[in-house]
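Knowing the structure of chain U, use the given hints to seat chains D and V on it.
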Amino acid sequence: MSGSTEFDRLATKPVSRTRETLQALVANRLAVAGLIVLSLLVIVGIFGEVIAPYGINDIDIPNRLTRPSGSHWFGTDELGRDVMSRVLIAARVSLQVGFIAVGFALVVGVPIGLVSGYYRGTIDSVLMRMMDVLFSFPAILLAIAILAVLGPGVGNAMIAIGLVYTPIFARITRGSVLVVSGEVYIRAARSLGAGDRRIIFRHILPNVLAPIIVQTTLSLAFAILSEAALSFLGLGVQPPNPAWGRMLAEGRNFFEQAPWMGIFPGLAILVTVMSFNFVGDGLRDALDPKQKSVIESRGQSV
Amino acid sequence: MRRTKYRWRVTVLVLALALAAAACSGGESVDTGDDATTTSGIAAETTAAPASETTAAPATETTAAPAAVEQILIAAQGSEPDQLDPHMTSAYASFQVLENVYDTLVQPGADLSMEPALAESWDISADNLTWTFTLRSGVKFHNGRDLVAEDVVYSFNRIIEEGLNGWRFGSVETITAVDDATVAIVLSRPSPNLLVSIAGFKGMAIIPKESVDDGSIGTKPVGTGPFRFVSQSPDEGIVLEKNPDYWRAGEGLPKLDGIRFIQIPDAGTKLTALRTGEVHWIDAVPPQDIESLSNEDGITVGRVPGGDYHYFALNQNRAPFDDVRVRQAIATAINRAEITEAAQFGAATANQTAIPASNAAWYYGYSPYGSGDIAAAQALLDDAGVSNLTVEFLVTSDFPETVTQAQVIAAELAAVGITVEINDVDFSTWLDLEGNGEFDAFMLSWIGNIDPDDFYYAQHHSEGGFNFQGYSNPDVDTLLDAARVETDQAARKALYDQAAQMIVDDASYIYLYNPDNINAWRDEVGGYTTRGDNAIRFEETTLQ
Amino acid sequence: MSPRSLTGQSDLDERNMTGFLIRRMMQMALALLGVSIVVFALMHLVPGDPVRVALGTRFDQDLYDALTKRVGLDKPLIEQYFSWLANAITGDLGVSFRNGQPVTTLILERLPATVTLALAALLIALVVALPAGIISAVRSGTPLDYTVSAASQVGISMPDFWAGVMYILLFALTLGWLPSSGYTPFSNSAWEWARHLVLPALTIGLISGSIITRFVRSAVLEALNQDYVLTARAKGLSEWQIVRRHVLPNAWIPIVTIVGLQLGFLLGGVVVTEVIFAWPGLGRLALTAVKDRDFTVLQGAVLYIAFMFLTINLVVDIIYARLDPRVRVS
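Protein chains in written order, with my numbering: chain U, 33 to 334; chain D, 2 to 545; chain V, 732 to 1061.
A couple of the hints might just be wrong.
What the hints assert, rightly or not - Here are some chain D residues pointing at chain U (derived, C-beta under 8 Å):
1) Glu339
2) Glu342
3) Ala343
4) Ser398
5) Val404
6) Gln408
7) Ala411
8) Ala412
9) Asn424
10) Asp425
11) Val426
12) Asp427
Unchecked claim - The following label-pair restraints were derived from C-beta to C-beta distances:
13) D:Thr220 <-> V:Leu816: 24 to 30 Å
14) V:Leu839 <-> D:Ser295: 39 to 45 Å
15) V:Leu901 <-> D:Glu279: 19 to 25 Å
16) V:Leu808 <-> U:Gly227: 39 to 45 Å
Don't read these hints as lab results, they were simulated from the structure. In this text the structure is predicted, and so the values were computed from the model without any measurement. Quick reminder that beta carbons are idealized off the backbone N, C-alpha and C, glycines included.
Extracted from the complex, chain U is given alone in its bound form (with noise of 0.2 Å):
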């Protein structure tokens, strides 16, 4: 086993590339723009309530529709809620939809891509249809009529958003997969005898996480753009709860009353996904410049 060993090393390398890639994204301004931004995002998440003036639901009729002052920098909404301290404290849910979807995406898609592509055959053809009759749904319809089965609300939306990504993190690791099997270090590393399940993990995982990792942060950026529209379209976080999609909703109705119901939520929509964008961009630079498929998992809106 010990030429198996060798190849081990050898096989992995793109991992000791970890280095290079830091310095790459580090030297690209956008991405560590990008990078800050979501850095602060996330303390945003977490410290939401701490950070906001006033709670999500302080109701103040008589304060209602006012525009952006002092007090209130983002302005209150028809019911007089302070929205800054709604758009802050919304941030949690977005990132929080964001990444578990993604991560549902992953740990289901992933795994899909690489036995499809190792070991092809029948059972390739057999789940690249399913992934082919998911893929050709219409994402937003799939999402809603998921949450219509399971109910409203984040844990659902998150498996909705999860179930739409979920083919192409299947297609993009088959594809990649597939171009690796043909490489000579696997070969050798099956005429070593290795078993299958060492070689996809030992061999053929690392070397085709470059694009997952790009594609995970860019369908990030398109996750939470999908978390918004499914919550414009009142199918997320269960209200009193503020969420940007459903604020800007709401805001909709008070359009000429009061606009910035509508504009700040959407700002802070544009500038999450714009981060992710920017660092996902900064790292397919740094990582995988001929990654093209990415941006394919943008339709519109999800």
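For chains D and V alone, coordinates are given in the frame of chain U:
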């Protein structure tokens, strides 16, 4: 007894079914507040996309009307009629149109008392069990055929056998045509509210059999009303023209040459269309826009107290809501004035009972609960030995005011240590959960009621069809049973007052407010009034 | 990527192509079948059914049973599915539970609005993306390139519903130039048709355009780095001549791919944008069907949307395969 729910969306099913759904009795009501479309976003179509033959379609309207200085009113609806069969729809948008196409045996007048319509007069037998209606002579359907008593019998039987409103004939034994001009209805028990039941709104319309036989009733309604249906298309909306043979033609009615109903689901767009003069009339104004619109030159906002009421109910099959003190504590802790202001921007009247003050015949002023009285509420909770209470509120974004109200109530109840968890689901799911009793509290509204039986019986009688909250008070049952057959108006009112008091005291429903009915129109429109039952009638309307 | 010209495809093996087509179409049929099964299953798992909705709160078990029977919802699920499928294969998608209209009619009625919006949005997207992408590739590294990149980054990150709402705020409510929502058929008034089209088309067009811009840029950039470009440059051709003669013919395959994908999305209806602009397209038809539990309409609409999407994918793949026979191997 129409529930807000049955607006355009729901109702909607054609299913061509015999649905005894909770459609309506009092006229149609309006979504006073927001357009359901706004938050949920799933509005009905503005205009469905035309099929490929569109190019040919638009001709209809122009050819239908003579030319020259035609007075065609353009009316904007906030939602799209699902179908035009009066017995099968419960969509308010459909009734806005059908109100002007069909007639009922009698009809609610401006003060909501029942007035002659197709029936010129009626007699009640001494035992109160036989009602004999004499039909107006010379009434013609839009297809030219004379109306006869058989049409009434046919229409009522169709409603009973297949329509959504068969339950309204609960006390009716037989309906017979005595001769061409006389209809006799025999009852199993005295029914003082029979007229409201069988003719309170256009869901009880008299139709010609032939339009059922040829299957055209859902798409090409033929009635006896002031306007004839001309066409419906995604591009043009619904076009009606003057019925020259209308039975009130002698009075010069209708005055308009025609009406075009167009559908604009977005409330803001609808307002803009009125302001720019693209339309003459709109069916509802978002409450937050009433003030600015009222101050605008050239626009009139019609606003009258409506017959609808908004409420919530606690699930009495679940502890601790089976304890009347807990229900009373919640009824005491909420602040109706604040809820009303929050949800309706003041275009409503807070009320602790169901029947609005504007319904003078049946109003019973009774307000036992404090308003946001935290101490009293806390005392009631302590008395009941309840603390750390969590209430799950079932609401639906399809009726966005329920979500708004629930958030206000959540903030108010927090003051007495009650946590409100809002469960906002789509209306289909809402119905399912309500029907299965899966809620701590549900919130909605009932719209278009006139008679107190409609306000109370089905909701609060132990056997009532809408009693999902599980209320059972034998005294209330006795009172409601007695009141529905009591023919003396004063005695009947006394019974309902007693029942109402018990229902409010027991907090079977926790009533919130009665919203106003609101329409708006341009000043060139004359002879139109916003009605208490929200029926949209254009027969006397003029256009300059 | 090696230099490829658009002609000289004579070496294409026709039999191979036919096999490729047949295989792809079978895959497509399978995917559609899968989609129909998924929709069917989801809709029958969902709480609430059309009969329940029709009955409303006035629930009566007998009436419920009778109505359920009348619309055939009492039959075993498998039977319901196969009878639907059998009809669907013959082109009969059934009638709406909601209003009794044939589903095919409902879809066809919404097709003009959907197609109009999709094509208009794509037009905007291409008008923006092609010049922007090419210029930023050719001038790569300049401030112009950064500006284009930044703008496209904003476009990609922009929620369409927010963009739409902002356009309404600006162009409809504040400036009053354009209607805020609705649709007017071309046959009624070309002017109104166009006015109503602008905002929704802009909303999604700019987003699609941003996505396409990035693809165009990277495709052109890649082509610019090929040897034959160096050769051409050495021959003294101007930069624009190079772009026109050598770069574009080689860059357009990935561009076609992404444009096709975008069109596939757009033709399926864009739910949220349609909601915001009250656009009577397929997305809203399907969304309303979910809400009303109008199973037949949802089935039909989703099937159609998936069909559009898969067909466009197939067409793109065929174009791709014709241009690059290697694709068929994989």
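Quick rundown of the hints versus the structure:
no., hint, in the structure
1, Glu339, "holds, 6 Å"
2, Glu342, "holds, 5 Å"
3, Ala343, "holds, 5 Å"
4, Ser398, "holds, 4 Å"
5, Val404, "holds, 6 Å"
6, Gln408, "holds, 5 Å"
7, Ala411, "holds, 6 Å"
8, Ala412, "holds, 4 Å"
9, Asn424, "holds, 7 Å"
10, Asp425, "holds, 6 Å"
11, Val426, "holds, 6 Å"
12, Asp427, "holds, 7 Å"
13, D:Thr220 <-> V:Leu816: 24 to 30 Å, "holds, 29 Å"
14, V:Leu839 <-> D:Ser295: 39 to 45 Å, "holds, 43 Å"
15, V:Leu901 <-> D:Glu279: 19 to 25 Å, "holds, 21 Å"
16, V:Leu808 <-> U:Gly227: 39 to 45 Å, "holds, 43 Å"
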